[in-house]
Amino acid sequence: MEKNIKFPVIDLSKLNGEERDQTMALIDHACQNWGFFELVNHGLPYDLMVNIERMTKEHYKKHMEQKFKEMLRSKGLDTLETEVQDVDWESTFYLRHLPQSNLYDIPDMSNEYRLAMKDFGKMVENLAEELLDLLCENLGLEKGYLKKVFHGTTGPTFGTKVSNYPPCPKPEMIKGLRAHTDAGGLILLFQDDKVSGLQLLKDGDWVDVPPLKHSIVINLGDQLEVITNGKYKSVMHRVMTQKEGNRMSIASFYNPGSDAEISPATSLVEKDSKYPSFVFDDYMKLYAGLKFQAKEPRFEAMKNAEAATNLNPIAAVETF
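Counting from 1, position 82 in the sequence shown corresponds to residue 82 in full-length UniProt numbering; the numbering is continuous, with no gaps.
Read the hints as simulated data drawn from the structure, not as lab findings. Ideal Cβ placement from N, Cα and C applies to all residues, glycine included. Treat the hints with care, since some could be wrong.
To be verified - Below, simulated DSS-like cross-link-like pairs (lysine-lysine); rule was C-alpha separation at most 25 Å, straight line:
1) Lys213 / Lys14
2) Lys213 / Lys231
3) Lys6 / Lys213
4) Lys69 / Lys161
5) Lys118 / Lys147
6) Lys57 / Lys170
7) Lys148 / Lys233
8) Lys202 / Lys231
Unchecked claim - Label-pair distances were calculated between CB atoms; the ranges are:
9) Ser101 / Lys148: 16 to 24 Å
10) Ser101 / His63: 18 to 26 Å
11) Ala25 / Ser110: 37 to 45 Å
12) Asn102 / Arg73: 38 to 46 Å
13) Glu130 / Asp193: 16 to 24 Å
14) Glu19 / His63: 43 to 51 Å
15) Glu300 / Gly204: 21 to 29 Å
Starting from the given sequences, assemble the full structure and let the hints guide the process.
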């Protein structure tokens, strides 16, 4: 672990005062050097966040814990003896918000939980769009540029992965979630403020993302790296298992629409770009098989349609 490293925590409320320029500079520095930052005073109601955390943990306990234990037994993970490389120690379900919601198709959710997640999803969507415009401002792009690129012909895709990472008797044997970069655009994470586990790769060292109460963790996906021509980068991250505590993670993915055309912004390319141009859905099809591998070969493969076609998928991935 790298020593004396200060994870970027940004007070979003300071955008409205005398410290706006300094705050924008902090966001830009975090995007260029971390690919991650943590927001406080982001405008999401704290009482809603508290209720969602309570209901998420109750829902897991009541409807998913037993299924998770049965999965462990079926895969022989209830008695770990050797390190496991191809399975994640997590219990998840997925909510799709855009372009069409599946909120009322998810089994076992209480009406209170559904309504809270609907409200939360809309607020996080608004926050994502606000952040995209802040990135445009820092990058010298016209306001709304990133939202327009993400829109495609039918609007962005937006969904939430609700995860629980239960206690693991031998955390050294298995990851909660294996290391990867996120394929999409902007990821907004409401994470457990008591049970840690999220780490990112920074200058060759794994660095903890601090669990702060009522914060929202932001990280950049592969699409923003391509659009910014590498000025901003997606970063490898993982979730470590813990012996004690059930870690909650609610990650919302604001991604381009399936037919959105992704390419480096012209104003950010001085000569030739090393990044490809492609349709987002084509990238997702490639990513589905290569999620837990380095991103650079994916970018290279997208430059060659024949090479992309010949790659064999090896893992499932959420696409919302």
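For each hint, the structure was consulted:
| no. | hint | verdict |
| --- | --- | --- |
| 1 | Lys213 / Lys14 | holds, 19 Å |
| 2 | Lys213 / Lys231 | violated, 30 Å |
| 3 | Lys6 / Lys213 | holds, 17 Å |
| 4 | Lys69 / Lys161 | holds, 20 Å |
| 5 | Lys118 / Lys147 | holds, 21 Å |
| 6 | Lys57 / Lys170 | holds, 22 Å |
| 7 | Lys148 / Lys233 | holds, 20 Å |
| 8 | Lys202 / Lys231 | holds, 16 Å |
| 9 | Ser101 / Lys148: 16 to 24 Å | holds, 23 Å |
| 10 | Ser101 / His63: 18 to 26 Å | holds, 20 Å |
| 11 | Ala25 / Ser110: 37 to 45 Å | holds, 44 Å |
| 12 | Asn102 / Arg73: 38 to 46 Å | violated, 29 Å |
| 13 | Glu130 / Asp193: 16 to 24 Å | holds, 23 Å |
| 14 | Glu19 / His63: 43 to 51 Å | holds, 45 Å |
| 15 | Glu300 / Gly204: 21 to 29 Å | holds, 22 Å |
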